[in-house]
Every structure is written in C-alpha cells, then in structure tokens.
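Use the sequences and the hints to build the structure in full.
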Amino acid sequence: MSKKTYSIFGAGAAGLYTAWRLLDGKSKLAKNEKMLVKGDVLELYDWGKYDFSKKNPGTREPGARVCTWHYKDDKDNSYLELGGMRYLYWDGTPEGPGHRLVTKTIEELDLKKDSVPFNESADPLMSLRSKNMYISDINSNQPAPYFANNYAQDAPPDDGFTTIQSVAITQTSGPTTRREWCKFYEEGRINIDMPDSSIYQKGDLLKEIGYWNLGYDMLGQDGFSYLSDGNGYSSNVVNSNSAQSFNVNDEFLPGTEYKTLIKGYSSLFDSLFEEVEKLAKQKGITLNYYPNVRLRSILHTKSGVNFTTATRKDPDTLAERKKCDAAFLAMPRAAIDLVAQASRYSDDEGTDVLNHEKVQLYLESVLMEPSYKIGMFFDTPWWRTTEAGSPTYPAKLTSYFLTQEGIEKLRKEGFPSNYLKKIESAKNPLIISNSFNDKLSFITAVENTIEERLTFKQEKQISTVAELDTIGPSITDMPIRQVVYFGDNARDGKGKKVYGILASYDDILYATFWKALELGPGTTREIPESRDVQPLEGPREATPVMVKMLRSQLASLHFGPQADYSYVPEPLETKYMDWSLPPFNAGYHAYKSHYDLGDVQRKIRKPSQLVPNTDCEIFIVGETYSNDQAWVEGAFCTAESVLNDFFGIEPIIDEKYYPFISPE
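Here my numbering is used: position 124 in the sequence shown is 286, and no number is missing along the way.
A few of these clues could be false.
Here are the simulated BS3-like pairs of lysine-lysine, each with C-alpha atoms no more than 25 angstroms apart in a straight line [stated by the list, open to error]:
#, residue 1, residue 2
1, Lys-583, Lys-622
2, Lys-737, Lys-754
3, Lys-266, Lys-188
4, Lys-485, Lys-216
5, Lys-274, Lys-571
6, Lys-443, Lys-485
7, Lys-445, Lys-196
8, Lys-571, Lys-188
9, Lys-165, Lys-440
10, Lys-768, Lys-165
11, Lys-165, Lys-200
Since the hints were made in silico from the structure, they are not lab data.
Source: prediction; values computed, not measured.
Written as structure tokens, this is what we have:
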C-alpha cells in the first residue's frame, strides 16, 4: 500500500486535536486503511507561528483564539488570557455537566495536576447608566436604572434570560441532557399562550425566531437593554437561533464550575503539540510542520485532494501546488471564505466543493461576532480592599462554592458524615455547586440544612474548603464592558508581585470603539485591515490614548462616575488582541435562525455530502459549526466526530449521553 498524506490546515485547537487523535486513536475496525501507519505523512500548516517550544519558537502563545499573555513575555511571570480562558469541568459521571473532551484531554496529557478553579463572583460589581452597585443591592427599593416591563429592574439582569426561556422551558421542565438539547434545537416551540400583542404565538418553532427578536418581544426595549447591558456579553443577546441560545445562556448562569490551567490556557496546546511530535516519532510517521503558510485554494480530483498554498509574507500569491489524501480545514468561517474565493477562480482541474450553493448556504449559517480584549498589569491590586486602602467600589472576589470534590475532601478529613449527606441532598437552597456571596450566608445555609450549629472547628473546616478566590467579572455598559481580575498568578511566586486584569472584555458592541484608539494623535493608518494579521502576531502594545481611556473607565467603575483617570495608577504594561482582524475576523460564532443546525453540523464537516454524486476527503473542523461555539470544546467535538464517523477511530469517551455533534 502506498503511503498516505494527511494535511491539516490550522494549528489551533481543532488542528492539534485532529493531529493528536489521528496518531493516538484506536481503530474500530480490524482492518482500517484510513489509519495512519509507519511511513505515512502528517502535515500541519498554520498561517501564524506559535511559540510551542524552544525548538519551535514563535511570535505568540499557541491556541488560535486562545492566547495567554505573560508579563514581559516571561512564562515565569503573572499572566492574562486575551482569548479563550477556561472550560466547564466534567466530573466524569455519565450525566454530569461540563466540557467532556477538554476535561478528558487534560487528563490524558497528564495536566489534571495543573487544573485550577476559575469561577465567577456570586456578587459582581456593576456600573450601568452611571450607577454603581452590586448584584445583591438590586431590589424594589434600589432598582437598576431602567424602566423595564413588569419592574424587571427590581431584579438582577440575568433574570431576563429566565423570562425569555419561559415561553418553552421552566425550572422543572425542558431539556437537561445534551442529547435532549439537540432534539430541542429542531423541535423546540413556544408552548405557552402568548398575548395578542406579542409578535410570536404558541406553536412557533424557536429555530425560526431570532433571539434578539424574541427578547425584545418578551422584555420590551428597556428590559432588553437591561439584560444586554447587565449580563456583560453582547454575544449572548445577538439575533442568533433562539433554540440554541436558550442552551448557550444556561452556561453562564450561577453554579457553573469553571476551570483553567495554572500555567495559562495556552499551555494545553503546548502539551498537545509536544504529544503530536512524540507520537509521530514513535510510530514512524513523518510530521511536517509548516508555520507561516496558509491554504490558498482546494479542489477535489479523482486522484485525491489538490491544493495550493501561500506564505505569510506574500499571502495572495500562489506559493506551491500540492496533493494529499485527506484535508482537514481546521479554521473558522472567515478563513474558509478566503479559500473558497481563490478556489472559485482556479483554472486547475477538479471539483470545487466549497463553492457549491448548498455548501455556501451552510457555511453562511453562522454569525461572525467580533471581539476585543485588552490586558493590563499593575504593581498593586488597587481594585480590591487591602491593608493599603480600598476603592469606593471594590471588586468582590471571594465567594463560597462547595463542589462534590470538596465533599470528598471533607469526608477524608473526618467531617460528620450525616452532615455531608444532608448537604449533598439539599435542594432549598441548593448547596453543592451553588455560589454564596459571603461566609455568613454560606454557613447559615449549611446550618439550616443540617439543623445543627457547627462547631468552630467544623465551620473553619467547611469554609476553608468552599472558599473561592474568583475572577469577577465586573460588568458595565461602558466600552470596557467586563473586567476580569487575574491578580498575581506567577508560577514561582518569587520576585516583585505583578497583578493583572483583563481591563476590557468586549464583544461585538464596542470593538470599533477601541480600534480607533490603536493609533494615537498624529498618526495615519498604513496597513489595510484586510492585511493586518495582528491576532497571528500576538498581543500588541496599547497606545497612550488607549491606556488613558481604559484608566478613565476603570476609575468610573471602581471609584464612581465623577472620578477621573488619575484614580487608577499607571499600568506597567498594556496590550490588546483585536479578534475582528484576519484570519479569524471574529472572536465567536453563533448559528442564525431559520437553519436546521443539526443538519448543518452533520453535513458541513464533510462538505461533499451536500454535493450530489460527490465524495471527497475534505473536512471542516473547529468550533464554528459545533455544538459548543466559542469554546475549545466545540473544536474538539467536531474533530472527534469526523475521526469517528469518517476514519473509523474509536470515540475517546462514551457518547451515549454526550453526542459530539447533533445526532439525526
């Protein structure tokens, strides 16, 4: 048998996972000619050049839209995440929530020891319409500054999600498992009687309704504005497919257990790349890594897949004509669009799969959502209460969050077993995986549940296990939108302490606000945005005007609307990532309404399924057309599904309760 060549285009999450599983996966079949064997070639192309190791240095940390940034670019220093930053932990149980493939991959790569909590505050600081407050302050006597329908301003903004979902889901009804949600995407309907004044009526399919449209209909203008401003994410309230948006917004509700890696989330991809190199060498498979090279065009022929490449230096000019037996496009919609454009006008022989009308229809099934993130390092944590003082509105970063892991730890420490049993079964209030604002409310809930007073020792024991230093965030309708507090997280803990914050976590709404500040006074833009590949180069230094604008808004958030920028100290270092730039052109994606998103997921991963009488080995993997858009999990799941269904590789975990993509 002649040797095979598999080519992966994109060395981000999906590309590296695909390479790893091609090398590590076990075949379902006794005889499987699609498995890579000794003598075969695995190619890994990437438009950027990631800093994987000393052997393979680069311009930025790996992970595509994951991008860890260390102070002074030294991995021993404190770090921030200027892209994706966490995952939802899965406890390994058959029906437990969480990102199963990311959790499993971290375990397989022996990174579980590096996995640490990364949870949100139970009582975040907010500044909306120039009013500073904490979530716990909001009530009928101290409403949020909105005039919403049904006095929605008397409750936290996220209650708006519950109101919207009430047309089809309640706390005691609706989908709970992943498989049930997949069915809901196709069949979910409005199942309550709507007033005559409503735009939508009972029986309407949710997949045919835009989420913004439905939210406006349910909440009114100011009610929707309150939800949009106060939840912190513009991407959560765009006009996406309502059926899927119901599930997406569940992920951000209190009680979700987030984790990250202590060395930064990009370290996951350092380890994946290292494992790919090791496995290829062990198995006698040639691994060819091509940084600074992009896929230019791709066609299907009888003899295989023909493609052309272009270099980072000259991205619009054909560099090489090549051939492979299978091609994996591990890239988002914008990058695929560029490949389709060049393929459309190619004079080479072959079938142009990407430009078939049905393929184009499915490629366009997602919204591209811009994102902008700016990080700052300081020599003091001025945003929280310390011995040196406190801002007017400090970030409340300590919560109490007891997990099942915490229960097991308490059990080993000899905490009364009858107390633990009652705590585990508590429903009103729920104690396990439920955030409490402070120690008093947590201990009160525990004592009410066990109907006993804790001893001093027991109180200290359980509060120590449950105490959680959170990341915030603080939320505002100012262009900074969200502030995430990383603090001093240097690995060695030696030397001068440096404290980091994600000073602006903005999606969609204000990306252009910051873009205009990338250049200071007296400068003219010289690089067209279509050629500005800043996300590939890595975090870019902020201009003095951008820094001053950030300080001004941070001062308003933490010291009140009358405070000027001088209340916030000069940062040690400030850099940004503009994810609206090529090659990603979006920080996240979301499905549009009026699509059968399950069919999109199943078909677009092998586009030739949409072309009559055509079967070619071109595949699309990544978060864009996944069940977990905007998460690393989505990238892993689409790749896993392709390898399981088209390459005969055994699933990495049982998918009975967790289909990687929407099943038929």
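Checklist line | Distance restraint between Lys-583 and Lys-622, which requires alpha-carbon spacing of 25 angstroms or less | finding: Status holds; Cα separation ~19 angstroms.
Margin query: Does Lys-754 sit within 25 angstroms of Lys-737, going by the straight-line distance between their CA atoms?
Written below: 33 angstroms, violated
Check: Taken at face value, is the distance from the CA of Lys-200 to the CA of Lys-165 at most 25 angstroms?
Finding: The hint holds at about 8 angstroms.
Item checked: Proposed proximity, Lys-485 with Lys-443 (alpha carbon, max 25 angstroms) -> Holds, because 23 angstroms separates the two Cα atoms, which is no more than 25 angstroms.
Note to self: Between the alpha carbons of Lys-266 and Lys-188, is the straight-line distance 25 angstroms or under?
What the structure shows: 16 angstroms, holds
Check: Taking only the CA atoms, is the gap from Lys-445 to Lys-196 under or equal to 25 angstroms?
Finding: It holds: about 15 angstroms lies between the C-alpha atoms, which stays within 25 angstroms.
Item checked: 25 angstroms Cα cutoff - pair Lys-274, Lys-571 -> 17 angstroms, holds
Checklist line | Given hint Lys-216 paired with Lys-485 - CA-CA distance at most 25 angstroms | finding: With Cα atoms ~30 angstroms apart, Lys-485 and Lys-216 exceed 25 angstroms; violated.
Check: Holds or violated: are the alpha carbons of Lys-768 and Lys-165 at most 25 angstroms from each other?
Finding: Distance of about 23 angstroms is within 25 angstroms: holds.
Check: Taking 25 angstroms as the top limit, are the C-alpha atoms of Lys-571 and Lys-188 close enough?
Finding: 35 angstroms, violated
Checklist line | 25 angstroms limit on alpha-carbon distance, applied to hinted pair Lys-165 and Lys-440 | finding: 20 angstroms, holds
Of the numbered hints stated above, those contradicted by the structure are hints 2, 4, 8, listed in ascending order.
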